[in-house]
Structures are given as structure tokens and as C-alpha cells.
Amino acid sequence: MTTTTTAAAAVATASGGALLSSPLSRHHQQRRSSSVGSPFVAIAKRRQHLSSACINLPNPSPRFSPVVAAAATPARSSTSTFHGPCYVVGDNIDTDQIIPAQYLTLVPSKPDEYRKLGSFALIGLPHDAYPIPFVEPGHETTRFPIIIGGSNFGCGSSREHAPVALGAAGVRAVVAESYARIFFRNSVSTGEVYPVESEAVGMWKECSTGDIVTVDLAENALINHSTGKQYTLKPIGDAGPVVEAGGIFAYARQTGMISSARSD
Amino acid sequence: MASSSVASSPVFLSGTHPIASPLISPAPRCRKEVSRKILAVMAPAQSRSPSTTGSVKHAMTLTEKILARASERPQLSPGENVWVNVDVLMTHDICGPGTIGIFKKEFGENAKVWDREKIVIIPDHYIFTSDERANRNVDILRDFCMEQNIEYFYDIKDLSNFRVNPDYKGVCHIALAQEGHCRPGEVLLGTDSHTCNAGAFGQFATGIGNTDAGFVMGTGKVLLKIPPTLRFILDGEMPNFLLAKDLILQIIGEITVSGGTYRSMEFVGSTIESLTMEERMTLCNMVVEAGAKNGVVPADLTTFNYLEGKTSVNYEPVYSDGHAKFLQEYRIDVSKLEPLVAKPHSPDNRALARECKDVKIDRVYIGSCTGGKTEDFMAAAKVFLSSGTKVKVPTFLVPATQKVWMDLYALPVPGSGGKTCSQIFEEAGCDVPASPSCGACLGGPQDTYGRMNEAKVCVSTTNRNFPGRMGHKEGQIYLASPYTAAASALTGLVTDPRDFLR
Chain B
5 MTTTTTAAAA VATASGGALL SSPLSRHHQQ RRSSSVGSPF VAIAKRRQHL
55 SSACINLPNP SPRFSPVVAA AATPARSSTS TFHGPCYVVG DNIDTDQIIP
105 AQYLTLVPSK PDEYRKLGSF ALIGLPHDAY PIPFVEPGHE TTRFPIIIGG
155 SNFGCGSSRE HAPVALGAAG VRAVVAESYA RIFFRNSVST GEVYPVESEA
205 VGMWKECSTG DIVTVDLAEN ALINHSTGKQ YTLKPIGDAG PVVEAGGIFA
255 YARQTGMISS ARSD
Chain D
619 MASSSVASSP VFLSGTHPIA SPLISPAPRC RKEVSRKILA VMAPAQSRSP
669 STTGSVKHAM TLTEKILARA SERPQLSPGE NVWVNVDVLM THDICGPGTI
719 GIFKKEFGEN AKVWDREKIV IIPDHYIFTS DERANRNVDI LRDFCMEQNI
769 EYFYDIKDLS NFRVNPDYKG VCHIALAQEG HCRPGEVLLG TDSHTCNAGA
819 FGQFATGIGN TDAGFVMGTG KVLLKIPPTL RFILDGEMPN FLLAKDLILQ
869 IIGEITVSGG TYRSMEFVGS TIESLTMEER MTLCNMVVEA GAKNGVVPAD
919 LTTFNYLEGK TSVNYEPVYS DGHAKFLQEY RIDVSKLEPL VAKPHSPDNR
969 ALARECKDVK IDRVYIGSCT GGKTEDFMAA AKVFLSSGTK VKVPTFLVPA
1019 TQKVWMDLYA LPVPGSGGKT CSQIFEEAGC DVPASPSCGA CLGGPQDTYG
1069 RMNEAKVCVS TTNRNFPGRM GHKEGQIYLA SPYTAAASAL TGLVTDPRDF
1119 LR
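Just so you know, the sequences run in chain order B and D. Start counting the first sequence at 5; every next residue gets the next number (this note's numbering). Start counting the second sequence at 619; every next residue gets the next number (this note's numbering).
Quick caveat, the hints were computed from the structure, so don't treat them as lab data. All C-beta atoms in this analysis are idealised placements derived from N, C-alpha and C, irrespective of residue type, glycine included. Watch out, some of these pointers could steer you wrong.
Across the chosen pairs, the derived CB separations fall in these ranges [said to hold, decoys possible]: (1) D/S953 to B/S212: 47 to 55 Å; (2) D/N728 to B/D116: 54 to 62 Å; (3) B/D116 to D/L777: 19 to 27 Å; (4) B/P239 to D/Y1027: 52 to 60 Å; (5) D/S892 to B/S230: 53 to 61 Å.
Computed far set for chain B versus chain D, every beta-carbon distance over 10 Å [said to hold, decoys possible]: (6) G128; (7) H131; (8) I136; (9) P137; (10) P141; (11) R163; (12) K209; (13) G232.
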């Protein structure tokens, strides 16, 4: 995969290859959904600004137990398989279509505004080409956990609101032929969605919105149950564990790259 | 995506022709200082001294050299992931509040930014609006800047008249340049994709998201993958009917909206050397429309003269080595180009302006970081002046910054007998220049001046023409140079400016 610009590659190297274990999966879903009572907030209150003491040299045995380890997250049956109806878009879906600029007054780090961003996900798609709304009017989330797209998905602006809106709407994975650089990086940094690349070109032309699909990251496969076709995906590589952890900060803490706050 | 009629465009792919060594001018030098607060976040750097502009064993491109120095490595190659020391972090009212939210969540409510003098905060997107949340976002920036004692915050409090806010600048990318925050050889990050604008100064500049920016705010570092470089060699005399906008539309049409993805774009050649800083900014501003990570123009006397008096910070320019490896080189004979537009709905949907002469338009918009600088308005005024007639469609003028706005009312337009841009615009029947901001370039709140609230056809000097970009999903945007935009305003059709500039 050519798109390992993210922290992932170096993080994985720096941490001596200590990757995540699955029990931490998708904790960030829980973290996002409530700001109060989240272990993240509790830690954050104690945390001072990062001094040189707070970023460590690579240490294969993390001395800091991950913030999220405390999260009472029920283990899911599978952390790398997503299943459900897909929403299909074409080439060059830009961030203005994913989240139009008028909604950028919403601040993603505020929980209520985070949810609102989700309700506007993909609202900028032209009606004629996309008659089925991605999020039904009056709803906050989508019934399509998987988006299938063409090339250069997420081009345009650097607005992190774009992957955030998709993640807030309930999207787990986007499968596209290629990504615009900043969108890919923002998806991984935030841990909002898995930006997965398909091996073949033109998959989106063979799939229809509403098809039931399974994305299997372990097997690098996308199965369209409605058409019976199977597609090969490019390995998500080191970006996968970062998304799974819930973004670069969570990942860096889990792997000991960033230590906890000074205990004062 | 390029239209077939420009298939025979004068762009010639060359192999790997060695080209003349880049222009290297005497430049101020100093040892760059980097934050020592964070020692290392991964493998320690080798102990050799960082590369300089002098002879090197490992030839590097301009972008590679900047990033080698910023990561304190003697050398590096495309594809490597390195931690880079950031010189300047810029954010604005759209992404600033989210960045601040992440910074506080991750580093603590009482955390301090890594360097209060290296963070530049510029409200510019949604300023002149009654949208309460937009107004609140500027308040969030102000509170944070007060709390953190941020050195460079270009505040606006009285929205009724921007002129009573002396600190207020306007569009961040142009304000960064005008206020001396863009310097050769440095690393500038911003929470805006058009941060690449600053590559015009021979520096590495790219856009990042809130989460990355939150990390930079706390640490002064960012993890970057070194991009390979595409080199564009533009030679030939620039015809008097072309502007840098035509050059970049030509290039994007050639390599498509994803042709630069994960890559750096370096612009050299005699044409580039003849361009003003503003024109170089136009060029670098839109590299992101080709998907590029950054764009660079090597610093030269034009750069140093522009910076004179704008900054007291020492800077050290770097240049591509003679034998640096470029992923691909493109040669363009500028003397053969014609005025271009990008048709709806993609910046690479290139066509000659004259091919679109039957396209009826409803409005013209001159503004934004790409097309709202003093030189852009001067160019438009030149067309209006030589025509002597009035515009046939509403023509919106949104100066990028307060300084640009003042220039429109103060600087005489060459050949006009002393008239200012504002006088010429008034005589041509344009709208009065609006308050400086990003305006309707990206739509914005419903009450944004110049926003396309209905499905209109617009010729615009901005940088994007995606569906809905300027407000209405069915709106059609033709991206063009200020010359072409002004000519189109005079006819009500997409118009080749040669009709007026001959």
C-alpha cells in the first residue's frame, strides 16, 4: 500500500512492532459517544503539557498502560470484519460533497456537534446522481456502514470534519481505489474510519447502493453478497492498528510512545 | 479529463534531462534553531551534521533538503517517514476550535502550547456573518490566544466595519505572506489545504487536519513521509494575456486532480523566475488541486526583496542539487499557451477560454487566496480599463486581506492616468469591494457575501469548482484567471481576455 504517510509506519517500528491486541477494539466508539465518565477525560484532566519527559524514546515494553485499557469495552466478535449495506459513490468525491462548508461551524471535538456532523455526512452529493440519501432526514446516523468509491476519494480541503462526519454517521470503512492524501491521513489520525484501497479498478461500477457487503480486513477481501462477487483489497498495513486504537493519540499511548501525564 | 482540443497542448514530457543548476542567490544564513523540548520520538538521528546548501554526497531535491534539515538528518529519500520540527503552525476559525479541543483533550486543560511565538491564528473564513456558531468560533480562538498568550493572533471584534480592527488581516495564506510568516527553507503547517500557498517562498508548506495540528500544537513536531518530487520546468516569455492561474490550470489539466498525490511539485525555469511573489503563490496555492503534498518555487532575489522589512527572523534557503532525482520532469513552453478555464465540476476539467465563448454566465467572482491578491485586482482592472465598457453581470470583488483592500483604494493602476482599482471597478459597474475574508469561495453560511444561493453559472478566480463549492449544489463554476474573469464580466459569456487586451 502506498499510503502509509501516517504515524502508523513509524509508530509500529518505534514500538518494536508491539501491536495492539483486539480487546481494545473500537473503544473510541464508546469514547466518542459520551464525554462524561470517559476514561479519556479523566486522564486528560491530570495530564500536563507534554514536556520532554512525556514523549519517550521507543520502548518495546510500554511503561504506561494504555488509557483505554480501563474502558469497559465489550469485546466484539470481530474487529476487522464489517458487514452491512454499502453506499456507492464514484471518482473524486471531494470533501465539499462529504461535508459542505456551511456545516464547518460545527466543532468536531464537541460531542453534540460531532453527532450533528454525522447527520450531514455526504449531504453535498448531487441529488440527481445520488437519489438515495446517505443519512435519512431526521436521523443522526446512516444505515450504510460501508462506503464504496472510485479513485481520489476525499480530495479537496483538509477539513477533518470529513472523516469525522462519516465516522459520526456510523461508517466503519471506506473502500475506494485511491484516496486524497490529507483525507487518508485524517481518517487514520482520528481513527474515525478505515480507509481501505481496492486492488482492482472499477469495483464501484459493479456495486449498487444497498448491496449487502462484507469487508474483511484480515483476509483483504470485500464480498458483495448481493452480486456474489468478491474483490481483493490492498492490505491496510500499519494504519490499521492506529484506526483500531482510535487514532494517533490513543495508539501512541497504547504503544508507550507517549507516556501518561506527570503524576502531580 | 482534459478536453480533446487541448490534447496538442505545448507540454512536453522529457525523460530525465539534466537541467541547469538552479539559480542560487546570495542569501542570509544562520544556523536554524529548533525546539529542544522534545528530544526524540523515535530512533535517534545519526550524529552527522545536517545537510546544507553546500556539496552533498547524496543529491536531494529542495523539498527533501528542507525536511532533512527539519528532521536533523544528513540525508533522506522519498518514502521515508521522519519526525519533522515545525517552524510555524497556522490555524483559523474553521479548524482552530477543533484543533484547540484536541490539544486540550490530549495534553490537558492547563497545557501550554509548544511555542507561543510559532503559532499563528488567523480568523478569516466565516467572519462577516450573523451565524452564531461561526461568531462563537472566533471567540474560542480569542479566548485561547489570551490564555496561551499567542504572539500572532489577527483578531476581529467589530464585525460591522472591518477597518476599525487594525489587527484583522483576512485570508490566512495571504496574511501569512504579508505579515512575514513565510520564509525560505522553513516548515509551515496549517489546518487548511491551501497552506501549500507558502511554497512560493521556497519553503515546505502543507495542510493537515485538526488531530495532527493538535499534536503539533503540543509538541512542535509532525510525522511526515518524504514525497518524491515532480519538477515542472516553465520556460519562454509569458504572453501579456496570461497569468499564473493559466499556468497552474494547464498543469492540473495535464496531470489530473490526483496526479500529484503524495508528491511534491517544484516549479523552475525562466518563466517562474520572472513571476512576482503573488503569481508564485497562485501557482503553489493550487498544487493541492492536483493532490500534491506541497509545491515549491526556489527562493531568489524576488523572494528576498519581498521579505525585506517583513521579518526579522533569519532564514536559510535551500535548493535542489544538480543531480537530485525527480520522479518526473515536465517542460512547458509558456509562450505557446492560451488563456484557460477549468469547467465544472473539477479543477482538471481544462478547456481553452475561447472554446467556452458560448457559455452564458450569471456572475463573476474575484477573490480568495488564489485570486484575491492586489495583483489579481490590478489585472482585472487592466481589462476593464482597456475595454472602457461596463460589466454585464454582477461582479463580486472580495479582497483577500485588509492590505489588499487598502491597495485597491490607494495604488494607481499603470496606464490609467492615476486611477485606482476601486475607481476603475466603480466605472465598470462592479460591486463595491467587500470586507476581506474567504467569502464565498467555499460557500459558507447562508448570508455570506457573494455566495451562490441559487443555481447560477459563475466565472471565478478561486481554486475549486466541485459541486456545491460556492453554495449551491447545482451551481456551475468556471475557474479562470483575473484577466479571463474580468473579460467574461464584460460580455456575460466565458471570454478570452485577448478580446480586450490586444
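Results of checking the hints against the structure:
One distance hint, 47 to 55 Å for the beta-carbon pair D/S953 and B/S212, holds here, with the actual separation near 50 Å. Range check, D/N728 to B/D116: about 24 Å between beta-carbon atoms, so the 54 to 62 Å window is missed. Between B/D116 and D/L777 the C-beta distance comes to about 25 Å, which sits within the given range of 19 to 27 Å. Separation of B/P239 from D/Y1027 is about 58 Å and conforms to the stated range, judged on CB atoms against 52 to 60 Å.
Look at D/S892 against B/S230: about 58 Å separates their beta carbons, and that is inside 53 to 61 Å. Distance to chain D contradicts B/G128 as a non-interface residue, since its nearest Cβ pair spans about 5 Å, not more than 10 Å. For B/H131, the non-interface assignment is contradicted: its Cβ lies about 7 Å from the closest Cβ of chain D, within the 10 Å cut-off. At roughly 16 Å, the least C-beta separation between B/I136 and chain D is larger than 10 Å, which holds for a residue marked as non-interface.
Under the 10 Å C-beta cut-off, the non-interface status given to B/P137 relative to chain D holds; the minimum distance is some 13 Å. Distance check for B/P141 against chain D: the nearest CB is about 16 Å away, which clears 10 Å, and the non-interface claim stands. At roughly 7 Å from the closest C-beta of chain D, the C-beta of B/R163 falls inside 10 Å, breaking its exclusion from the interface. Under the 10 Å C-beta cut-off, the non-interface status given to B/K209 relative to chain D holds; the minimum distance is some 17 Å.
Taking the minimum C-beta to C-beta distance to chain D, about 31 Å, the non-interface status of B/G232 holds against the 10 Å cut.
Against the hints set out earlier in the document, violations occur for numbers 2, 6, 7 and 11.
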